[in-house]
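There are 2 protein chains.
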Amino acid sequence: MSKLPTTARSLPISLIRAREGVMAPIREMLSETGITEQQWRVLRVLKEHGPMDSTTLADRASLLFPSLTRITQTMRKKGLLTQTRDEHDRRRQMIEITPAGVTIIDDNMDQASQIVAQFKATLGEAQYEQLLDLLALLDPDNTAS
Amino acid sequence: MSKLPTTARSLPISLIRAREGVMAPIREMLSETGITEQQWRVLRVLKEHGPMDSTTLADRASLLFPSLTRITQTMRKKGLLTQTRDEHDRRRQMIEITPAGVTIIDDNMDQASQIVAQFKATLGEAQYEQLLDLLALLDPDNTAS
DNA sequence: GCATATTCCTTAACATGTTAATTGTTGTCA
DNA sequence: TGACAACAATTAACATGTTAAGGAATATGC
Numbered sequence: 196m197s198k199l200p201t202t203a204r205s206l207p208i209s210l211i212r213a214r215e216g217v218m219a220p221i222r223e224m225l226s227e228t229g230i231t232e233q234q235w236r237v238l239r240v241l242k243e244h245g246p247m248d249s250t251t252l253a254d255r256a257s258l259l260f261p262s263l264t265r266i267t268q269t270m271r272k273k274g275l276l277t278q279t280r281d282e283h284d285r286r287r288q289m290i291e292i293t294p295a296g297v298t299i300i301d302d303n304m305d306q307a308s309q310i311v312a313q314f315k316a317t318l319g320e321a322q323y324e325q326l327l328d329l330l331a332l333l334d335p336d337n338t339a340s
Numbered sequence: 196m197s198k199l200p201t202t203a204r205s206l207p208i209s210l211i212r213a214r215e216g217v218m219a220p221i222r223e224m225l226s227e228t229g230i231t232e233q234q235w236r237v238l239r240v241l242k243e244h245g246p247m248d249s250t251t252l253a254d255r256a257s258l259l260f261p262s263l264t265r266i267t268q269t270m271r272k273k274g275l276l277t278q279t280r281d282e283h284d285r286r287r288q289m290i291e292i293t294p295a296g297v298t299i300i301d302d303n304m305d306q307a308s309q310i311v312a313q314f315k316a317t318l319g320e321a322q323y324e325q326l327l328d329l330l331a332l333l334d335p336d337n338t339a340s
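Protein chains in written order, with the working numbering: chain B, 196 to 340; chain V, 196 to 340.
Any given hint might turn out to be false.
The list makes no distinction among identical chains, and a pair is therefore deemed to hold if it is satisfied within one copy or across any two copies.
Said to hold, decoys possible - Below, simulated EDC-like cross-link-like pairs (lysine to aspartate or glutamate); rule was C-alpha separation at most 16 Å, straight line: (1) Lys315 with Asp301; (2) Lys198 with Asp302; (3) Lys198 with Glu243; (4) Lys198 with Asp301; (5) Lys315 with Asp334; (6) Lys242 with Asp302; (7) Lys198 with Asp305; (8) Lys272 with Glu291.
Hints were generated in silico from the structure; no laboratory data involved.
Use the sequences and the hints to build the structure in full.
Okay, here's the thing in structure tokens:
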């Protein structure tokens with residue numbers, strides 16, 4: 196007869212709580228910029244990889260497609276990115292970060308790096324890297340696993 | 196000059212993706228019962244610890260209070276739990292699982308256990324436990340850290 | 001070529017996440 | 001006691017998560 200673990204030792208709940216702990220200082224940082232955590236992810240992916248189509252962006256930013264549709268519309272109105280139809284395949288859409296979007300990243304880069312460094316210090320470099328490896332094993336879309 | 200990690204090695208994104216991977220089979224299981232992942236958590240906490248007030252429940256199920264308010268209202272209408280005002284402190288509210296709620300847990304217990312076992316097998320018992328320990332370190336509300 | 005399936009994206013509907021404001025209740029202290 | 005702080009819970013408003021359905025463009029097979 197199998198038994199469930201206690202909720203305190205539940206993997207999904209532990210993941211939520213850890214995420215909550217990690218995001219708290221990041222959300223605090225972003226609250227002053229007027230963008231959300233997801234919009235921050237979109238900006239970072241776009242700056243890191245350059246212009247890309249919506250499908251790739253959704254994949255890299257770990258956003259569901261309906262969410263991305265709304266998010267990009269909001270961000271376009273804010274002037275943080277541009278949306279262009281692909282001329283060869285008019286179903287597709289290319290998305291590109293604007294200078295205003297880059298500015299938001301640049302303005303918060305140092306503080307974000309500091310937050311990351313804080314968590315690395317809490318866990319130690321080795322355990323920090325190991326945590327990332329273990330989390331990757333739980334991701335079905337991770338090619339490495 | 197500090198630098199942010201690539202989004203692929205970002206801790207928040209890794210946490211999201213891991214959670215997505217873990218929740219996928221659980222959501223699939225729950226889709227047949229008509230309750231959500233959060234409602235499942237509420238039921239499990241209530242069955243594990245017995246009746247409790249809303250604040251304690253929100254804490255244990257890792258739900259924000261406004262979310263819990265809506266969730267308990269929905270679940271009360273479904274007959275999965277009862278809400279009772281505390282007579283000594285009429286601000287408080289006691290929440291208790293109903294037999295119908297217990298039935299949902301019992302009906303899915305075996306399958307849920309199987310899903311947990313699957314992930315333990317994927318990571319190995321030792322790494323699974325270590326992952327939980329590392330995640331606990333990121334939770335600011337965890338007394339052990 | 002043409003019907004059909006497939007793909008990319010959007011919209012809809014509902015539930016939850018998140019922050020702030022509000023209501024009702026209890027505690028405190030002058 | 002009576003104003004005021006503190007607390008529990010709700011409500012509001014907006015953004016996102018999630019599943020399902022729909023629309024426009026392209027690919028495919030005959």
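> Which of the numbered hints above does this structure break?
Replying inline: 1
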